[in-house]
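K.L.:
Protein sequences, first through last, are from chains L and H.
Numbers given in the numbering used here equal positions in the first sequence, counted from 1, plus 13.
For the second sequence, position 19 (counting from the first letter as 1) is numbered 5 according to the numbering used here, and the numbering increases by one without interruption.
It cannot be assumed that every hint is accurate.
[Said to hold, decoys possible] The list that follows gives simulated cross-link-like pairs (lysine-lysine, DSS-like), each with its CA atoms no further than 25 Å apart: (1) L/187 with H/87; (2) L/22 with H/205; (3) H/107 with H/51; (4) H/143 with L/187; (5) H/183 with H/51; (6) L/22 with L/187; (7) H/45 with L/187; (8) H/51 with H/191; (9) L/71 with L/60; (10) H/207 with H/51; (11) L/55 with L/187; (12) H/87 with H/51; (13) L/231 with L/34; (14) L/22 with H/183; (15) H/191 with H/177; (16) H/140 with H/205; (17) H/203 with H/140; (18) H/45 with H/183; (19) L/71 with L/34; (20) L/76 with L/34; (21) H/52 with H/143; (22) H/115 with L/157; (23) L/71 with L/276; (24) H/207 with L/22; (25) H/87 with L/157; (26) L/157 with L/54; (27) L/187 with H/207; (28) H/140 with L/187; (29) L/22 with H/140; (30) L/77 with L/276; (31) H/52 with H/140; (32) H/191 with H/203; (33) L/22 with H/203; (34) H/205 with H/191; (35) H/45 with H/140.
[Claimed, not checked] Covered stretches of chain L, going by a simulated chain H footprint (3 or more residues, C-beta under 8 Å): (36) 68 to 77; (37) 144 to 155; (38) 246 to 256.
Think of the hints as simulated: they come from the structure by calculation, not from any bench.
Quick caveat, the model's predicted, so the values are computed rather than measured.
Think of the CB as a built atom: it goes at the ideal place given N, C-alpha and C, for glycine as much as any other residue.
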Amino acid sequence: MKEQHKHTKAKKYGMVIDLDKCTGCGACMAACMAENNVSFKKDESDKLLSITWMRVYKLTNGKKFPEADICYLPRPCMHCEGDHGHAPCVSVCPATATDYSHETGIVSQIYTRCFGCRYCMAACPYHARYFNWWDPVWPDGMEKYLSPNVSPRMRGVVEKCSFCFHRYQLAMDKAYIEGRRELEEDEYQTSCTQACPADAIIFGDLNNPGHAVTQIAKPDHKHGGRPMNPNAFRLLERLGTNPKVYYLSSRRWVRRAGDNYIKDERG
Amino acid sequence: MSTLDDKAEETVGQVETTKSPEKDQKKKDQKNGSWGIILIFFVIGLVGSLAVGWWIFPKLLYSQKKQPIDFNHVIHVEAVEEGCESCHFFREDGSFSGVPKLAQCVDCHEEVMGEDPEEFKFVEEYVAKGNEVPWLVYSRQPDCVFFSHVAHVKMGKVDCITCHGHIGESTHSRVYEENRLTGYSRDIWGKNIAGLKKDTWDRMKMDDCAECHAELKAKGKIVQALPWPINWMPRPYEKPASSQVRVHIKKDACFVCHK
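The shape of chain H in the complex, shown without the other chains (with noise of 0.2 Å):
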């Protein structure tokens, strides 16, 4: 309030006397208070917006969720002999199978294996009246994605790992996190908020997938890859500056990945 105040007598004192010296001299003091002031706001106001933008908003932006059943990595891949593929497989039609369902559960556990309570809960709540379990898929892409698992694995080698990251090391589901606007997973945009990535699974945006078939068309593989950097839109009569080109292909439609 006092600033208030001091304000309104600035400008009374404006009004009244300006060819005074004594009143000049104070009203340069108290302008020379009132800058400190205004620093003190803008600091304030600067931490104040960082902090939402930087912690309060990406905490609401995306709502916590359990996964139905906690599910252990280790000791299924442990237990199975081919690795991710025992659970995660190709049909014969080449799709991808991605989350098992129940029937591939039910193999081994139409009756209760273990101790664990997570696996009491499994087989009483969903094997034993027929329910499929509603996992929540932390890599599911927006529907416009079109993504072949069998062209990148099969065709391109390319491990689980690589987009996945470490996932069969994990004892326990990790919270999923979906954001409130999209209702996408964070796995997607990546848990930095500052977009910086470490590891080629941080992230599974359009960008990241970009980045690898640059890589790799550079080293001559055949691959699928964007002629330009995806910011970049391309214009018929514009050339790209050569720093903004990523590869010097012949420009494909982007329906490749895009449905």
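If we strip away everything but chain L, and leave its shape as in the complex, we get (with noise of 0.2 Å):
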């Protein structure tokens, strides 16, 4: 009877990036963006106005020719936890509009609730959220190519990266379907990770020691979730937001990228 009563396990789903591996192909991009009718503008190249919930940015060494060195750095939204669900955008947020999963570790936005002061856009350390300007256009007859398990955005909301969350309810219909409650690592993976063509994202839950993201960023749960992984890094790991997306990189300029250090600082 109380097994019954009592819960599935919650979950803490995260992404390991990494950085050696990537190209900057911007695959992860487009997928993105096709997964979750988000509209292009008719300048794409004004990065101020485009909406991006994947975003490839590109880091440079600044050394001369022989030591230069460039790394691609994709960015989806980190889905803080913060200190027990207390991300940066969920406890500014007015209206309630973005809140901290506890079920799955994803920070939700309901477009629906969001009436767009984008406190959350000045609260997030990583400019992972968007502001719709312009209701989304389509060209003629592609309206026909969007998902109808996303609804689209109107003018005068937030939005931001969901980790596909959309497929997290179609993988637990599957699985309701079959008499589980609990899925299967590779039943859930995001639009990026599956569009990625040098495996450089993966993606799985971190409180399961048995999925890949698990094994390879090495979280310290005890410790804020930091990487015990030493090639492993998060962004901007010191403000203590608490992020679930780990990035990986075997060289140390690109690690020390991530955060902001004093100039002789060691680390």
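Hints given; two lone chains; assemble the complex.
P.N.:
Below, the structure is given as structure tokens:
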């Protein structure tokens, strides 16, 4: 009887992105836009106005020819856990339009609830949130390609990466019809993960020791999820946002680019 | 028009003489008379605005649409073996088929089977030409709503009637009423303009989902539930009064039901 009432174990979905593998091709960005019904502007080169839930940044080490090095860094929403679900954006939202799910560890964004104050955008240290300055427009006939599982956003609301949450819902539906309440690792994968030709992105449950993300990043849940893999780092680790996206790089300058350091600081 | 004249006279009287006692008396009479008129106009206005609000506006708000084919559920339920699930079934991936596609109807209706002119129309116009029937879906939720049939029907063991009512017992398709402003079916908001509901299937708003979920949660069932009544805005710095708390659970993200 007690077993029946017990909830399924809480998940903590997260991502590990291997920057040594990333070639900067941008397939993750394209796959994300197509999957999540993100419309596009006439001039997509204006990155101040375009909406890119997943965005590839280019890092350079700033050195001259022989030592010059670059690195591409894909940046989805970090789905910060903060301290017990107090992600920077969640704690500032006056409308409770964005919320931390303790069941999946995903930071949600409810477009119909958002009224567009953009406080969350100011709070987010990763620039992962985007404001709809216009209603979305698609070229004629392209509406037919939109995913029915993701609702398009209207003008005046904020949107961001959801770790393809609709895929989780669909995967759960499949599990339910088969009489299960738990998902296999490969049943729920984000669009960018599957699109990456270099297999640089992996996705899974950080609470599940059997999942690749946990085995690679080795998150230390007792200390805010800090990675125990020496090559792993998180963006702006020292802000204490406790993000669920881990990056891997064997290059020290790349790892250091993930946070701010005093000039002569060791780390 | 007479009232306007009366009022004009009254103001003139006020300016001319305020000292004469006779005229004072006359003024009082006039005042009593105008109160009556005001009351009449008030009642007319009140009744008028009530009629507009409760009768005319709801009539104007909803357009009346007819289904392309007048569908008889009774005949079909009698003919099939598995009840509702014969036509409204789950796919292997757990998604719900909803309103049947032409392909399922064709299994039986490749040729006209009976003598019903509606069936004749169906075969003639849709089956023969291979066009899908543009059914109007009474229970279509807004785009922002995620609803999992399998979670409710297979896991929660909820029967169809709880939300859809006794639709299986209908011999004709009823009129589909569409909200002209939102484009949603009237079944979502409910037929009763006062917002009263008798049965669980009378309305399909968020409140109605939350009501059932809160009830089950209180009984200890595994369901998602709103931690607060939806009209109460949760803020981190205040705690809900005990009367406002429906269920004591850890709050969870809204996108369990919204997308």
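K.L.:
Next step is simple, just say for each hint if it's right about the structure.
P.N.:
Checked hints:
The suggested pairing of residue 187 of chain L with residue 87 of chain H holds, with an alpha-carbon distance near 21 Å, which does not exceed 25 Å. For the hint pairing residue 22 of chain L with residue 205 of chain H, the CA-to-CA distance comes to about 21 Å; that is within 25 Å, so the pair holds. Note on residue 107 of chain H and residue 51 of chain H: the hinted pairing holds, with a Cα-Cα distance of about 18 Å set against a maximum of 25 Å. The suggested pairing of residue 143 of chain H with residue 187 of chain L holds, with an alpha-carbon distance near 16 Å, which does not exceed 25 Å.
Of the pairs offered as hints, the one joining residue 183 of chain H and residue 51 of chain H holds, with about 24 Å between alpha carbons and a cut-off of 25 Å not exceeded. Our distance criterion of 25 Å between C-alpha atoms is met by residue 22 of chain L and residue 187 of chain L, whose separation comes to about 18 Å. Straight-line distance between C-alpha atoms of residue 45 of chain H and residue 187 of chain L comes to about 42 Å, which puts the hinted pair past the 25 Å bound. Simply put, residue 51 of chain H and residue 191 of chain H have alpha-carbon atoms about 21 Å apart, close enough for the 25 Å limit, and the pair holds.
Restraint check: the Cα-Cα separation between residue 71 of chain L and residue 60 of chain L comes to about 13 Å, which is no more than 25 Å; the hinted pair holds. Restraint check for residue 207 of chain H and residue 51 of chain H: not satisfied, since their Cα atoms lie roughly 40 Å apart, outside the 25 Å limit. Taken as a hint, the residue 55 of chain L and residue 187 of chain L pair is broken in the structure, with Cα atoms around 39 Å apart against an allowance of 25 Å. A threshold of 25 Å between alpha carbons decides the hint, and for residue 87 of chain H with residue 51 of chain H the separation of about 20 Å falls inside it, so the pair holds.
For the hint linking residue 231 of chain L to residue 34 of chain L, the alpha-carbon distance of about 19 Å falls within 25 Å, and the restraint holds. The hinted pair formed by residue 22 of chain L and residue 183 of chain H fails the criterion: a straight-line CA distance of about 37 Å is larger than 25 Å. For the suggested pair residue 191 of chain H and residue 177 of chain H, the alpha carbons sit about 12 Å apart, so the restraint of at most 25 Å is met. For the proposed pair residue 140 of chain H and residue 205 of chain H, the alpha carbon gap of about 19 Å is at most 25 Å, so the pair holds.
Distance restraint check for residue 203 of chain H and residue 140 of chain H: the Cα-Cα separation of roughly 18 Å lies within the 25 Å cut-off, and the hinted pair is therefore satisfied. The hinted pair formed by residue 45 of chain H and residue 183 of chain H meets the criterion: a straight-line CA distance of about 19 Å does not exceed 25 Å. Taking the CA atoms of residue 71 of chain L and residue 34 of chain L, the gap is about 14 Å. The hint holds against a cut of 25 Å. Note on residue 76 of chain L and residue 34 of chain L: the hinted pairing holds, with a Cα-Cα distance of about 21 Å set against a maximum of 25 Å.
Pair hint residue 52 of chain H plus residue 143 of chain H does not hold up; C-alpha atoms about 33 Å apart against a cutoff of 25 Å. Restraint check for residue 115 of chain H and residue 157 of chain L: the C-alpha separation of about 23 Å stays at or below 25 Å, so the hint holds. A hinted pair counts as satisfied when its Cα atoms are at most 25 Å apart, and residue 71 of chain L with residue 276 of chain L qualifies at roughly 22 Å. Between residue 207 of chain H and residue 22 of chain L the alpha-carbon distance is near 16 Å, which keeps this suggested pair within the 25 Å criterion.
Between the alpha carbons of residue 87 of chain H and residue 157 of chain L the distance comes to roughly 18 Å, so the proposed pair stays at or under 25 Å and holds. Between the alpha carbons of residue 157 of chain L and residue 54 of chain L the distance comes to roughly 18 Å, so the proposed pair stays at or under 25 Å and holds. Distance restraint check for residue 187 of chain L and residue 207 of chain H: the Cα-Cα separation of roughly 21 Å lies within the 25 Å cut-off, and the hinted pair is therefore satisfied. For the given pair, residue 140 of chain H sits about 11 Å from residue 187 of chain L by alpha-carbon distance, which is consistent with the 25 Å threshold.
Pair hint residue 22 of chain L plus residue 140 of chain H holds up; C-alpha atoms about 21 Å apart against a cutoff of 25 Å. At roughly 19 Å between alpha-carbon atoms, residue 77 of chain L and residue 276 of chain L fall within 25 Å of each other, so this suggested pair holds. Proximity of residue 52 of chain H to residue 140 of chain H is assessed by CA-CA distance (about 33 Å); at most 25 Å being required, the pair is judged violated. Taken as a hint, the residue 191 of chain H and residue 203 of chain H pair is honoured in the structure, with Cα atoms around 19 Å apart against an allowance of 25 Å.
Annotation: proposed proximity of residue 22 of chain L to residue 203 of chain H holds, straight-line Cα distance about 18 Å (limit 25 Å). Restraint check for residue 205 of chain H and residue 191 of chain H: satisfied, since their Cα atoms lie roughly 22 Å apart, inside the 25 Å limit. As the CA atoms of residue 45 of chain H and residue 140 of chain H are separated by approximately 39 Å, the hinted pair breaks the 25 Å bound. Check on the segment 68 to 77 of chain L: 0 of its residues sit with their Cβ under 8 Å from a Cβ of chain H, so the three-residue criterion for coverage is violated.
Under the rule that three or more residues need a Cβ within less than 8 Å of chain H, the assignment of the segment 144 to 155 of chain L is violated, with 0 such residues. Check on the segment 246 to 256 of chain L: 0 of its residues sit with their Cβ under 8 Å from a Cβ of chain H, so the three-residue criterion for coverage is violated.
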